[in-house]
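Basically the working numbering = 1-based index in the sequence shown + 118.
These aren't lab readings, by the way, just hints derived from the structure by calculation. Please note that the accuracy of each hint is not assured.
[What the hints assert, rightly or not] Computed cross-link-like contacts, DSSO-like style, restricted to lysine-lysine with a CA-CA straight-line distance of at most 27 Å:
no.	residue 1	residue 2
1	Lys120	Lys139
2	Lys139	Lys167
3	Lys167	Lys194
4	Lys168	Lys139
5	Lys194	Lys168
6	Lys194	Lys139
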Amino acid sequence: MKLHPYLTFNGNCEAAMNFYKDVLDGEITIMSRFDEAPPGEFPIPDFAKKLIMHLTLEFRGCTIMASDTTEPENLKTGSNVTLSINADDAEEGVAIFNSLLDGGQAIMPFQEVFWGGQFGMLVDQFGVQWMV
119 MKLHPYLTFN
129 GNCEAAMNFY
139 KDVLDGEITI
149 MSRFDEAPPG
159 EFPIPDFAKK
169 LIMHLTLEFR
179 GCTIMASDTT
189 EPENLKTGSN
199 VTLSINADDA
209 EEGVAIFNSL
219 LDGGQAIMPF
229 QEVFWGGQFG
239 MLVDQFGVQW
249 MV
């Protein structure tokens with residue numbers, strides 16, 4: 119199992135992560151935009167189509183993941199960090215998701231996703247946001 123910080127930005131994810139890449143002498147290994155999602159997968163506001171849906175920065179054995187928000191009115195600086203757990207398999211993933219969900223609230227149910235594997239998002243009982 120691996121735990122990764124996940125940063126959310128208000129339209130400047132690409133610039134911020136390129137800055138971190140330069141500072142940390144890292145490499146952006148994944149970068150996808152909202153307009154690359156299959157049509158109808160989820161609603162994408164027009165302003166967000168060219169924004170970053172997911173970006174992975176790797177450096178010295180570490181990983182930081184990030185994206186832009188499609189709901190800028192809900193993003194508050196300081197609450198824009200999510201913990202992302204990459205489970206070893208789907209069974210472990212659903213067990214972790216369900217355990218974290220106890221007393222919390224699902225944002226996106228743990229389910230098959232178009233980019234491969236299974237994924238879910240939740241806020242735990244302490245207000246911490248997780249991606250599993």
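Taking the hints in turn, this is what the structure says about them:
1. Lys120 <-> Lys139: Holds, at roughly 21 Å.
2. Lys139 <-> Lys167: 23 Å, holds
3. Lys167 <-> Lys194: 21 Å, holds
4. Lys168 <-> Lys139: 20 Å, holds
5. Lys194 <-> Lys168: Distance of about 21 Å is within 27 Å: holds.
6. Lys194 <-> Lys139: Given that 27 Å is the threshold and the Cα spacing comes to 24 Å, the pair holds.
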